[in-house]
Amino acid sequence: MKIARRRILQIALLGLFASGMSSSSEAATGSVRVVFTKAGFIVGMGSGRGVLTFRGHNYPFRVSGLGVGFTAGISTNQLVGRALNLRTPGDIAGSYSAVGAGGALVGGASGVQLQNARGVILQLHGGKIGIEISAGVSGVQITMQ
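Heads up: the sequence shown begins at 3 in the numbering used here, then just goes up one per residue.
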């Protein structure tokens with residue numbers, strides 16, 4: 003009986019220790035700000051800059067993208083949102099795909115959800131300035147500075 007109790011206590015302590023170790027590697031959420039300018043007709047291309055705020059630090063990055071589908075005009079998007087499933091700031095880098103739609107005539111709204119191969123999800127929303135209508139699939143590349 004004493005041996006069984008001791009084994010149960012050892013297993014419980016091992017489980018507690020293991021769960022404490024795994025909490026440091028759990029995914030976290032950061033906040034993101036992006037300014038992105040896009041222009042095109044049918045195929046739109048754009049670029050911009052952004053900042054990831056993660057665990058109290060700011061990490062600048064560059065954004066470039068290509069949209070295929072219906073696109074007409076030129077606009078500047080100022081987006082804010084969340085970066086989900088981050089383990090390190092570098093996880094935000096990579097190729098993203100998105101399906102989103104938005105429109106603007108002088109001013110408007112847009113929103114998009116993107117995901118990369120590491121499982122990082124960007125949920126962004128914000129305003130557009132310019133004249134643009136778009137709908138289709140977009141690809142976005144993020145590189146750390």
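Hints are not guaranteed to be accurate.
What the hints assert, rightly or not - What follows is a list of derived Cβ distance ranges for each label pair:
id	residue 1	residue 2	range
1	141	37	32 to 42 angstroms
2	30	51	19 to 29 angstroms
3	146	115	15 to 25 angstroms
4	145	57	29 to 39 angstroms
What the hints contain is simulated information worked out from the structure, not anything from laboratory work. Yeah, the Cβ is synthetic: ideal placement off N, Cα and C, and Gly gets one too.
Here's how the hints hold up against the structure:
no.	hint	result
1	141 x 37: 32 to 42 angstroms	19 angstroms, violated
2	30 x 51: 19 to 29 angstroms	23 angstroms, holds
3	146 x 115: 15 to 25 angstroms	21 angstroms, holds
4	145 x 57: 29 to 39 angstroms	20 angstroms, violated
The structure is inconsistent with the numbered hints 1, 4, although it conforms to all the rest.
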